[in-house]
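Use these hints to put chains B and C onto chain A, whose structure you have.
Read off the chains here:
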Amino acid sequence: MASSIRVRAVLNGDLAEVQTLIQHPMDTGLVKDAKGELIPAHYIQQLTFVHKDKTVFLADWGTAVSKDPYVKFAFKGAAKGDQLKVSWVDSKGGTDSLTATIQ
Amino acid sequence: MTVLRLALGLGFALGLVASGVAAADKTDPVTEAKAFQQFFVKKFPKVAFDDFVNGPYSMNEDMRRQWEDKEQFPPYEFALEAGKEMFGKPFKNGKTYADCFPNGGIGIRQTYPYFDDKEGKVITLELALNRCREANGEQPYSYVKDEMAALTVYMAYTSRGKRFEIKIPDDPRALDAYEKGKEYFYTRRGQLNFSCASCHVQSPGERIRAEILAPALGILNAMPIYRSEWSGMGTISRRFVTCNSQTRAVPVEPQSDEYRNLEYYLSYVSNGLPVSGPGARP
Amino acid sequence: MTASFGPLATRRLILKGAGLVALIGLGNAVLHATPVFAAANDDKYPEDAFRQKNVGDAIKALYGRDHEASDKIKLDAPEIAENGGVVPIALTTTLPNVTSIAFIVAENPSALAASYKITEGTVPAVANRLKMAKTSNVIALVESGGKLYSATKEVKVTVGGCGG
Chain A
1 MASSIRVRAV
11 LNGDLAEVQT
21 LIQHPMDTGL
31 VKDAKGELIP
41 AHYIQQLTFV
51 HKDKTVFLAD
61 WGTAVSKDPY
71 VKFAFKGAAK
81 GDQLKVSWVD
91 SKGGTDSLTA
101 TIQ
Chain B
104 MTVLRLALGL
114 GFALGLVASG
124 VAAADKTDPV
134 TEAKAFQQFF
144 VKKFPKVAFD
154 DFVNGPYSMN
164 EDMRRQWEDK
174 EQFPPYEFAL
184 EAGKEMFGKP
194 FKNGKTYADC
204 FPNGGIGIRQ
214 TYPYFDDKEG
224 KVITLELALN
234 RCREANGEQP
244 YSYVKDEMAA
254 LTVYMAYTSR
264 GKRFEIKIPD
274 DPRALDAYEK
284 GKEYFYTRRG
294 QLNFSCASCH
304 VQSPGERIRA
314 EILAPALGIL
324 NAMPIYRSEW
334 SGMGTISRRF
344 VTCNSQTRAV
354 PVEPQSDEYR
364 NLEYYLSYVS
374 NGLPVSGPGA
384 RP
Chain C
386 MTASFGPLAT
396 RRLILKGAGL
406 VALIGLGNAV
416 LHATPVFAAA
426 NDDKYPEDAF
436 RQKNVGDAIK
446 ALYGRDHEAS
456 DKIKLDAPEI
466 AENGGVVPIA
476 LTTTLPNVTS
486 IAFIVAENPS
496 ALAASYKITE
506 GTVPAVANRL
516 KMAKTSNVIA
526 LVESGGKLYS
536 ATKEVKVTVG
546 GCGG
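Protein chains in written order, with this note's numbering: chain A, 1 to 103; chain B, 104 to 385; chain C, 386 to 549.
Hints listed in this document are in silico derivations from the structure and should not be mistaken for laboratory results. Hints are not guaranteed to be accurate.
Said to hold, decoys possible - Simulated crosslink set (DSS-like; lysine-lysine; CA at most 27 Å straight-line):
#	chain 1	residue 1	chain 2	residue 2
1	C	457	A	76
2	C	532	A	72
3	A	72	C	429
4	B	224	B	265
5	A	92	C	429
6	B	187	B	265
7	C	445	C	532
8	A	35	B	248
9	A	92	A	72
10	A	72	C	538
11	C	519	A	32
12	A	35	A	92
13	A	52	C	429
14	C	438	C	519
15	C	438	A	32
Stated by the list, open to error - One-sided and incomplete, this derived list gives chain A residues near chain B with beta-carbon spacing under 10 Å:
#	residue
16	2
17	4
18	6
19	20
20	67
21	68
Remember, predicted model here, so these are calculated numbers, not experimental data. All C-beta atoms, glycine included, are put in the ideal place defined by N, C-alpha and C.
The shape of chain A in the complex, shown without the other chains (with noise of 0.2 Å):
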């Protein structure tokens, strides 16, 4: 099953600028399906990514990040080629990870 994830890491110069959308409902678990009954919540709660066995950027999420979620953030120290790997854990205990290249 494809990824949810999808990951666009960019070197500018030396910085790694890295983008990412992930499919994911967040649900708030307020609002209501077409029978009347309220949706549970179901949310990415924390998002890692971890470049060289290091945590270069952890994410926090509550109910509050929009549907498809999406984060933009650059570190230094990295180089083309170079792996990161991007996952995440959700209010259910659902996990996906995804490891993309710097380019």
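Chains B and C alone, transformed into the frame defined by chain A:
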């Protein structure tokens, strides 16, 4: 002659339909399209011509910034991937969508809709896709749901940048379809008594409640669109239906004569503008 | 996880505190020796902070201290959100030694929207997309050099982001 053209031009500017003036002479779509485009270009001198395809974003800076920010990694990304996969997957009989379309379906979105002289009707891209499915033993997709949206997302994407080139052949039936589309566009309907022109010709750039109105020029070039309001993708069919509902008019069936003719008219008068789809909208 | 040596090592030996052993190895550990800062510094999901309804409680749960406004934080948010469900909000800052950035949407059912841990070598800047239930102040918090700074911007919302 000049007076007549001026009157035709004014007719569009004021959103009038079938004024005696227009009916007095044979319709000249070429002239009408020019007048239509000139109306918007004059109304918005600061908007670059190609920018009209960006709808409300060509009308409001604050909104444009939010849109450009999201375009870095757009919300229709997943629909595009799904669409590409669907397009390439063979039907049960082994054939593919590519077999139904010129150039394998790649880079052709800008030629739809077209007038089919054998059938004597307007064929839109959505209709053509479902006909392809049915011709190959598959169930047609709903015109307003995600599968049709994904397919048209992919086809629009492969045609990005190509300029609309809608043709009206020298055939009275084609001219009639164009006329009917124009008539639908300018006719008031429903509880709010709005015509499409009420918002998209008379008030582009202004707000209706919370929304900034898009100009009619280039309004279909970004389709299909990911709408924040829908939290998802929508086809041209979906947008025509929901726009009718939102203006408290009774929608007709997707791909009915009215909608296909409307799409024909709106696409034709936007000839020369580039395909910007798939797009994102509020 | 690298350890640093030289003059800082002596300071680290002197410092005491419950979470100290866990903190050694993080680039800026020496600045955050007191346990009350641990909440924003370890990798545990701040469940409690996300449960808080109002701004004050959320900041207290996440950082445990007061914040002061800083003009060294640039908070990018629209005047009027196109749609409350997806509001692009970004932050850049020239504050030094940033270890954490968080976003609070004051009028949301739970004020804390997102919190980011900035490690050494990572630029103190984040862009994300948040939901806003209605017109509200967006408060960005930046933890820099052990102190907490903030920037606030009001974003108008006409179509709520929580399904309304």
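Hints, verified against the model:
1. Of the pairs offered as hints, the one joining residue 457/C and residue 76/A holds, with about 21 Å between alpha carbons and a cut-off of 27 Å not exceeded.
2. The hinted pair formed by residue 532/C and residue 72/A meets the criterion: a straight-line CA distance of about 24 Å does not exceed 27 Å.
3. Distance check on the hinted pair: residue 72/A and residue 429/C sit about 21 Å apart at the alpha-carbon level, within 27 Å; holds.
4. Pair hint residue 224/B plus residue 265/B holds up; C-alpha atoms about 24 Å apart against a cutoff of 27 Å.
5. Only pairs whose Cα atoms come within 27 Å are accepted, and residue 92/A paired with residue 429/C is accepted, the gap being roughly 16 Å.
6. Of the pairs offered as hints, the one joining residue 187/B and residue 265/B holds, with about 19 Å between alpha carbons and a cut-off of 27 Å not exceeded.
7. Of the supplied pair hints, the one linking residue 445/C and residue 532/C holds, its CA atoms being roughly 13 Å apart against a limit of 27 Å.
8. Under the criterion of a C-alpha separation no larger than 27 Å, the hint pairing residue 35/A with residue 248/B is consistent with the structure, at around 19 Å.
9. With a C-alpha separation of about 25 Å, the suggested pair residue 92/A and residue 72/A falls inside the 27 Å cut-off, and the hint holds.
10. Of the pairs offered as hints, the one joining residue 72/A and residue 538/C holds, with about 20 Å between alpha carbons and a cut-off of 27 Å not exceeded.
11. Straight-line distance between C-alpha atoms of residue 519/C and residue 32/A comes to about 18 Å, which keeps the hinted pair within the 27 Å bound.
12. As the CA atoms of residue 35/A and residue 92/A are separated by approximately 23 Å, the hinted pair is consistent with the 27 Å bound.
13. About 21 Å separates the Cα atoms of residue 52/A and residue 429/C, which keeps this hinted pair within 27 Å; it holds.
14. Note on residue 438/C and residue 519/C: the hinted pairing holds, with a Cα-Cα distance of about 15 Å set against a maximum of 27 Å.
15. For the proposed pair residue 438/C and residue 32/A, the alpha carbon gap of about 21 Å is at most 27 Å, so the pair holds.
16. Among the interface hints, the one on residue 2/A holds; its C-beta lies about 8 Å from the nearest C-beta in chain B, closer than the 10 Å criterion.
17. The interface hint given for residue 4/A is met, as the beta carbon of that residue sits about 9 Å from the closest beta carbon of chain B, less than 10 Å.
18. Against a cut-off of 10 Å between C-beta atoms, the interface hint on residue 6/A holds, since the closest Cβ of chain B lies about 6 Å away.
19. Proximity of residue 20/A to chain B holds as hinted, the smallest CB-CB distance being about 8 Å (cut-off 10 Å).
20. Checking residue 67/A against chain B by beta carbon gives a least distance of about 6 Å; that is within 10 Å, so the hint holds.
21. Interface restraint check: residue 68/A against chain B, minimum CB-CB distance 6 Å, threshold 10 Å, status holds.
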